Structures are given as C-alpha cells and as structure tokens.
Amino acid sequence: MYVGRDLTALQMIPKQKWKDSELAFFHRALQQVTPYLNAEGQTLHREMIEEIEARGGLHRNEATYTNGTCVFYE
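The sequence shown lines up with residues 1 to 74 when you count with full-length UniProt numbering.
Worth flagging that the hints you see were computed from the coordinates, not collected in a lab.
For clarity, every value in this text was computed on a predicted model and none was experimentally measured.
Label-pair restraints from in silico Cβ distances:
1) H59 x I13: 18 to 28 angstroms
2) P35 x T66: 34 to 44 angstroms
3) V33 x E53: 13 to 23 angstroms
4) Q11 x L58: 14 to 24 angstroms
5) Y36 x T66: 31 to 41 angstroms
6) T66 x Q42: 29 to 39 angstroms
7) T66 x A39: 39 to 49 angstroms
8) L7 x H59: 22 to 32 angstroms
9) T43 x T66: 31 to 41 angstroms
10) D6 x R46: 13 to 23 angstroms
11) A39 x D6: 15 to 25 angstroms
Quick reminder that beta carbons are idealized off the backbone N, C-alpha and C, glycines included.
Please model the complete structure; the sequences and the hints are all you need to start from.
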C-alpha cells in the first residue's frame with residue numbers, strides 16, 4: 001500500500017522534487033485510467049512520464065541485502 005503525499009500536495013511542487021516511489025505509484029494509477037482522463041489529466045501523466053524518462057527510468061541501480069533491484073511503490 002502506498003504511504004506518502006497525495007496527488008493534491010504533489011501538484012504544488014515541481015516533479016523534479018518528487019520521489020521515485022511517488023512517480024511510480026501515480027504513473028501506474030493514471031496509466032490504468034488513461035482512456036478516461038481529461039486534457040489536464042493527460043498533461044499531468046505526460047509530465048510524469050517525461051520526468052521518469054529524464055531520471056533514466058524506474059529502476060534501482062544496486063541490490064542490497066534487504067532490497068532487490070525492483071522499485072516497489074505499493
């Protein structure tokens with residue numbers, strides 16, 4: 001389950017300051033409802049995708065003893 005800032009709070013700060021887990025969670029949520037998004041929602045989703053791409057995608061670079069290489073956002 002996602003524990004973090006809600007989308008209303010996140011919209012007030014630049015996407016460059018969002019955590020990877022926040023980007024991943026809301027990207028997946030919006031991806032599932034893409035056919036139903038209005039123009040504002042589509043723009044928000046596109047900006048999230050652009051930020052994810054600017055960061056090099058959603059992946060963890062190194063595995064540790066307690067964490068694998070997959071980003072978990074739920």
